[in-house]
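Novice: Sequence:
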Amino acid sequence: MRPGLNAIMGPTGSGKSSLLDVLAGRKDPQFLRGEVLVDGAEQPENFKCVSGYVVQDDIVMGTLTVRENLRFSAALRLPGSVTDLERRRKVESVIEELGLSKVADSKIGTELIRGVSGGERKRTNIGMELITDPSVLFLDEPTTGLDAFTAGSVLRTLRNLANAGRTIVFSIHQPKYSIYRLFDNLTLVVAGRIIYHGPAGDMPLRYFANIGYHCEAHNSPPDFFMDIVHGEVPVTNAGGEGGRAALISGGGSGGDFDDLTKRDSVIDTDIQKSHSAAIGQQLIERWQQCPMAHRVEQQVEEIYQQSLRMGNGGEGSHVKVKKGAWVGYPTGLWNQVVWVSWRTALNLFRNPQSSIIQLVVYLFFGISIGTVFFGLDTSLESGIQNRQGLFFFLILQMVFVNLGAIEVFIKERVIFIHENSSGFYRVSVYFLAKIFCDMLPIKTLPVVLFMPIVYFMSRLKLDAGAFFFYELNLVLATCAACGVAFFVSASVSVFGIANIFISIIYVFMMVFGGFLMNISSMGDWLAWCKYFSVFNYAYAGLSVNEFVGLDFCPMRNTTNVTRT
Numbered sequence: 001m002r003p004g005l006n007a008i009m010g011p012t013g014s015g016k017s018s019l020l021d022v023l024a025g026r027k028d029p030q031f032l033r034g035e036v037l038v039d040g041a042e043q044p045e046n047f048k049c050v051s052g053y054v055v056q057d058d059i060v061m062g063t064l065t066v067r068e069n070l071r072f073s074a075a076l077r078l079p080g081s082v083t084d085l086e087r088r089r090k091v092e093s094v095i096e097e098l099g100l101s102k103v104a105d106s107k108i109g110t111e112l113i114r115g116v117s118g119g120e121r122k123r124t125n126i127g128m129e130l131i132t133d134p135s136v137l138f139l140d141e142p143t144t145g146l147d148a149f150t151a152g153s154v155l156r157t158l159r160n161l162a163n164a165g166r167t168i169v170f171s172i173h174q175p176k177y178s179i180y181r182l183f184d185n186l187t188l189v190v191a192g193r194i195i196y197h198g199p200a201g202d203m204p205l206r207y208f209a210n211i212g213y214h215c216e217a218h219n220s221p222p223d224f225f226m227d228i229v230h231g232e233v234p235v236t237n238a239g240g241e242g243g244r245a246a247l248i249s250g251g252g253s254g255g256d257f258d259d260l261t262k263r264d265s266v267i268d269t270d271i272q273k274s275h276s277a278a279i280g281q282q283l284i285e286r287w288q289q290c291p292m293a294h295r296v297e298q299q300v301e302e303i304y305q306q307s308l309r310m311g312n313g314g315e316g317s318h319v320k321v322k323k324g325a326w327v328g329y330p331t332g333l334w335n336q337v338v339w340v341s342w343r344t345a346l347n348l349f350r351n352p353q354s355s356i357i358q359l360v361v362y363l364f365f366g367i368s369i370g371t372v373f374f375g376l377d378t379s380l381e382s383g384i385q386n387r388q389g390l391f392f393f394l395i396l397q398m399v400f401v402n403l404g405a406i407e408v409f410i411k412e413r414v415i416f417i418h419e420n421s422s423g424f425y426r427v428s429v430y431f432l433a434k435i436f437c438d439m440l441p442i443k444t445l446p447v448v449l450f451m452p453i454v455y456f457m458s459r460l461k462l463d464a465g466a467f468f469f470y471e472l473n474l475v476l477a478t479c480a481a482c483g484v485a486f487f488v489s490a491s492v493s494v495f496g497i498a499n500i501f502i503s504i505i506y507v508f509m510m511v512f513g514g515f516l517m518n519i520s521s522m523g524d525w526l527a528w529c530k531y532f533s534v535f536n537y538a539y540a541g542l543s544v545n546e547f548v549g550l551d552f553c554p555m556r557n558t559t560n561v562t563r564t
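For the sequence shown, counting from 1, position 508 maps to 508 in UniProt numbering; every step adds exactly one.
All clues given are correct.
When the alpha-carbon atoms are kept at most 25 Å apart in a straight line, the in silico DMTMM-like pairs for lysine to aspartate or glutamate are as follows:
| hint | residue 1 | residue 2 |
| --- | --- | --- |
| 1 | LYS107 | ASP438 |
| 2 | LYS48 | GLU35 |
| 3 | LYS102 | ASP58 |
| 4 | LYS48 | ASP58 |
| 5 | LYS176 | GLU141 |
| 6 | LYS411 | ASP58 |
| 7 | LYS176 | GLU216 |
| 8 | LYS102 | ASP133 |
| 9 | LYS48 | GLU92 |
| 10 | LYS461 | ASP551 |
| 11 | LYS48 | ASP184 |
| 12 | LYS102 | ASP84 |
| 13 | LYS461 | GLU381 |
| 14 | LYS102 | GLU86 |
| 15 | LYS107 | GLU407 |
| 16 | LYS176 | ASP202 |
| 17 | LYS107 | GLU97 |
| 18 | LYS48 | ASP84 |
| 19 | LYS176 | ASP58 |
| 20 | LYS27 | GLU42 |
| 21 | LYS107 | GLU412 |
| 22 | LYS411 | ASP57 |
| 23 | LYS107 | ASP133 |
| 24 | LYS107 | ASP84 |
| 25 | LYS107 | GLU86 |
| 26 | LYS411 | GLU129 |
| 27 | LYS107 | ASP57 |
| 28 | LYS411 | GLU111 |
| 29 | LYS411 | GLU141 |
| 30 | LYS48 | GLU141 |
| 31 | LYS48 | GLU412 |
| 32 | LYS176 | ASP147 |
| 33 | LYS48 | GLU97 |
| 34 | LYS176 | ASP223 |
| 35 | LYS48 | ASP133 |
| 36 | LYS102 | ASP147 |
| 37 | LYS411 | ASP438 |
| 38 | LYS48 | GLU86 |
| 39 | LYS411 | GLU68 |
Think of the hints as simulated: they come from the structure by calculation, not from any bench. Keep in mind it's a predicted model, so treat the numbers as computed, not measured.
Take the sequences, apply the hints, and build the full model.
Specialist: Put into structure tokens, the structure is as follows:
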């Protein structure tokens, strides 16, 4: 892959994205063979930190503006030695370079917020990677989901970036001719194997003409290439005379397949797949035998041998290729925590619906529970039972209200995976930001604000220490329930499945909480499950806090006092 626009084309499922991921260092090397060289040296393990990668789906934060998203990228991906003024200048430079000046202060947009257009969103994704001024930029099908004009606009932007000396490698399915003309180099892939690699333009047409495939004057080259792969182009011999070449090398006639392609009736799916596979195999073999492929292999071998000599030991040595220098995270841990927390807080502030609903729910439950258990007495007949019921119901609320916490990681999973893979921040930083800016203010603050309503309406023990322990107990129960939800959210990517799992876990905890059933009456083989129950610890804490030092007596015999 050379400086310029390097396109990887092929039919659906041909391995375009997989090849792109291998080149970008985003595939597990344990399952790969071969070497990827960058400037003659082995690809460093964190090549992702010094190159840019734009995924197929737009994954910028929708509640932030174009400029804010670029500022976030600049704050985390530019070295710590870069001043704040220089970062801002870089952001403005990228905005100007990508033609985003008119929408720089517009929100990207979400399901509920109207934002910028699809092309502007795609250019913002590209800008997130250009902040570091990478010499190599990878893009996975950058025109997916865009109309013809917008797709052309995005590719012209990439053309301008390539003219500045960058190496841009991207996968694309079947572009129109005006986009194809922008390519410098073309790689055609079928079934994970290369059938052409070299200059774009007319060179691929001449190559395919030499092996018997001729493009009609009115046909677009990208459409022509896909027609070849799918077996829709008549094959002539290399000399250009009429007739059909055999589809499968090594003898035999391809007439059966040719007859099938001529029929107007619907072709059986299995036969069509076999037909395409046979043609693909033939194209792979023809490429491997052609002089162009031999020249490419010779160039790669020369670079590889030169790298071996640079690594140590001269030609023929079996030492490993010299590895590129390690490049760590550009910024420190604290800077990452600050900026990821800033974005998390800003996202919550601009999307307050869930936070407001959370507050309303806690206020409603606070008043409702306080009303139901209003003015609890200290009689033996009802005082103990009512308090136990109150504590159980409080914990039930603290736990099940946090079912929504499973959305935390599922909703932003794609963004997190991309940013972590691109070297924005560490995994621990993202988790800490969610704790400080999501769980603590959104989940625990309503507990602190509204649960005292229950305490004083139900007339629990009027003691300052007991009150603060009550608050602490409920806050910790909330944090524990959120922690379990976070675990499920991080483990399961489908919301529906995660919701089922977390519901089962919460019900399991409720059964072993100590209120519905006496744990001591259970067998030893089952009683140990209580140690995994949030209900068990919270219920015991609230009960001990309330009952110790409190006197209960029968309503009819006030002399018979029971101290708990």
